[in-house]
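Trainee: Single-letter residue listing:
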Amino acid sequence: MEYIISVLVLMGIYVILSTSFNLIIGYGGLISIAHPIFFAIGAYTTGVIAIHWDLFAPLTLLIAVAVAVIFSLMLSLPSLRISGDYLLITSIGFQLGLLEVIKHLGWTGGASGLGNIPNIIDGANRSEMFALISIGLACLVFLMIRWLLKGPYGLLISAMRDDEVAFSAMGRNAMAIKLVIFAIGSGCAGLAGGLYAYYYQYVSPEQFEILQSSMILTMVVVGGMGSQWGPVVGAVLLLFLPQAIGFMNFPPSVMGPLQGLIYSVLVIAFLFLRPQGLTFSLKKGSQ
Amino acid sequence: MNFSIFLQILWTGIAVSSYVVLFSVAFSLILKVVKIWNFAQAGLMCIAFYAMYVGFNYWALPKPLSFLLGYLLTLGASWLLHHFGIEKLRQRNSTSLTFFIFTLVLSEMMTYVFALAFGTEPLSLTKSIMSPVHMVGGIVISEWDIQALAMTSVVLVLLHVFMNRTKLGQFMSAAADNPSLARLYGINVPRLHVYAFAVAALLMTLGMYLFGQKVSMIPNTPLQMMLFAVIATLLGGMGNVFGAAWAAVALSLLQALSIFVIPSQWQSLILYVFLFVTILFFPQGFSVQKLMAWIGGKKA
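Listed in order, the protein sequences are those of chains C and L.
Reminder that position 146 of the first sequence reads as 136 in the numbering used here, one-by-one numbering, no gaps.
Reminder that position 186 of the second sequence reads as 191 in the numbering used here, one-by-one numbering, no gaps.
Calculated from the structure, these hints are not laboratory results.
Please note: incorrect hints may appear among the correct ones.
Unchecked claim - Going by beta-carbon spacing under 8 Å, a handful of chain C positions derived as facing chain L: (1) Ile21; (2) Asp75; (3) Tyr76; (4) Leu78; (5) Leu86; (6) Glu90; (7) Ser204; (8) Pro247; (9) Val255; (10) Val257; (11) Ile258; (12) Leu261; (13) Phe262.
Stated by the list, open to error - Every beta carbon over 10 Å from chain C, so not counted as near; a handful from chain L, in silico: (14) Trp16; (15) Pro69; (16) Ala155; (17) Val159; (18) Phe167; (19) Ile264.
What the hints assert, rightly or not - One side of the interface only, derived from the structure: several residues of chain L facing chain C at Cβ under 8 Å: (20) Trp42; (21) Ser101; (22) Leu111; (23) Glu113; (24) Gly124; (25) Tyr277.
Predicted, not measured: the structure shown is a model, and the values here were computed from it.
Where a beta carbon is used, it is the ideal one built from N, C-alpha and C, also for glycine.
Only chain C is shown next, with the shape it has when bound in the complex (with noise of 0.2 Å):
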């Protein structure tokens, strides 16, 4: 029972990771994939704050959000000019750059990681408690993106990226919208980052390269890019489908490169069998 719940703590995060990166790659059109670097700022902030400070746990959240937006504009302001391919190949040198100087910095405890972050819930229901939190705050996130992209900023969202130049042309500044979609999703991301922190009580760089670029990547792209609900739906599955070998009892060595071997057949598979994703007639049974 604790391991599902575990696995619910897990979804709460990662439904708020793949729904605000939707809004930056789905709906926004930006193609960045530096998503868990704002993930790891997030949890790091949390983590430093959390042992050096005794704050009150909402307002570290609130101090993480802030600071994964503010290093969203870091990459976001000088890099937006460019895009596709170039905005691409640089949010990922932002992201494993961003890792590297946290692997050699003393207060991030460097290569081995941030451990011993202090406990915020105690007692026998803690788990069941992060589950809830998690899974309200995943609904929080998912129905503020839901409300902005079906208010007038959302009508703007969606003509910027159908045609930046037409929308330019129109004297609306698509600059200014990028940086907004891109420090929300961002924000977002380092809430994910500090419920992370405060539930395992531990970060390390490791968690937040390639590979987890390539997880929420993943979710988006198996749930359906640029619908709503496809990022909630590809988080749930991609989280309980490897559940399913983890009864198994196979040694971490195996456990380990299995699951990413299951992630990554799955994503071929829906990019040649399905690309638009699963929630694609949905979409259309709703349009």
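Let chain C serve as the given structure and place chain L on it in line with the hints.
Mentor: Just chain L now, kept in the frame of chain C:
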């Protein structure tokens, strides 16, 4: 600063750049001819390495035969990648993001397959990665250094001749510059893509052959090395295969010599700084003329 230490680092930097040059040229060639950022190269590099490893260590094949085995398997995998992956996606007019996801995830898949098959302990092609050394003017020169530099130089010269002096190489350049026009002239562009992959497979296999005798690797290593090839390709100029080779040498040297100015643990950060600077200020590649023009413009 001790001058002999400077020369030693310079020499080692040049020697180590050999395999990086080969990986960068392979990546740049595919980008030039096939027009994709082939992150699946990391997976292909894994295939080349582990095929040679099996040939050499399990089947006790001599090195040339192990190399041939590595090349043939990498070639086969490249053909499968092109025929069943890239061509299919191209027929569907897939976006560059789709190509990126496909090639990256394919590399990851190969990484997991090799992690399951060979584990995650570092492996090298030969039992020992130490090579006999000679002292020349106070500099330690290993036999591996000489072998690596000689092989890389010969292959690059042959590639230059192939690209500029043979009909096939010129067709490749033509198809890279304007595929539609090349088709009008009766050039079979998809077939040229296969040839480009065949050449790239050879460069990758040779690179892994040299790398595997110098360094131990885990299945994830080629994926980590890809960033270097990407930066060299950008710095050398998109579509400039030999520019990527020079950029790879320059980056290797810069990284090696940076030890004089920054602590060794920050050396790898230089790559990322270069990536940022290149994309933001030199997205079409770096050239001395452009730099001078830029400086001239600033002064004016």
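Trainee: Look at each hint and say if it fits the structure.
Mentor: Now the hints, each set against the structure:
{"no.": "1", "hint": "Ile21", "result": "holds, 5 Å"}
{"no.": "2", "hint": "Asp75", "result": "holds, 5 Å"}
{"no.": "3", "hint": "Tyr76", "result": "holds, 5 Å"}
{"no.": "4", "hint": "Leu78", "result": "holds, 6 Å"}
{"no.": "5", "hint": "Leu86", "result": "holds, 6 Å"}
{"no.": "6", "hint": "Glu90", "result": "holds, 5 Å"}
{"no.": "7", "hint": "Ser204", "result": "holds, 6 Å"}
{"no.": "8", "hint": "Pro247", "result": "holds, 4 Å"}
{"no.": "9", "hint": "Val255", "result": "holds, 7 Å"}
{"no.": "10", "hint": "Val257", "result": "holds, 5 Å"}
{"no.": "11", "hint": "Ile258", "result": "holds, 6 Å"}
{"no.": "12", "hint": "Leu261", "result": "holds, 6 Å"}
{"no.": "13", "hint": "Phe262", "result": "holds, 7 Å"}
{"no.": "14", "hint": "Trp16", "result": "holds, 26 Å"}
{"no.": "15", "hint": "Pro69", "result": "holds, 32 Å"}
{"no.": "16", "hint": "Ala155", "result": "holds, 33 Å"}
{"no.": "17", "hint": "Val159", "result": "holds, 31 Å"}
{"no.": "18", "hint": "Phe167", "result": "holds, 27 Å"}
{"no.": "19", "hint": "Ile264", "result": "holds, 15 Å"}
{"no.": "20", "hint": "Trp42", "result": "holds, 6 Å"}
{"no.": "21", "hint": "Ser101", "result": "holds, 5 Å"}
{"no.": "22", "hint": "Leu111", "result": "holds, 7 Å"}
{"no.": "23", "hint": "Glu113", "result": "holds, 5 Å"}
{"no.": "24", "hint": "Gly124", "result": "holds, 7 Å"}
{"no.": "25", "hint": "Tyr277", "result": "holds, 3 Å"}
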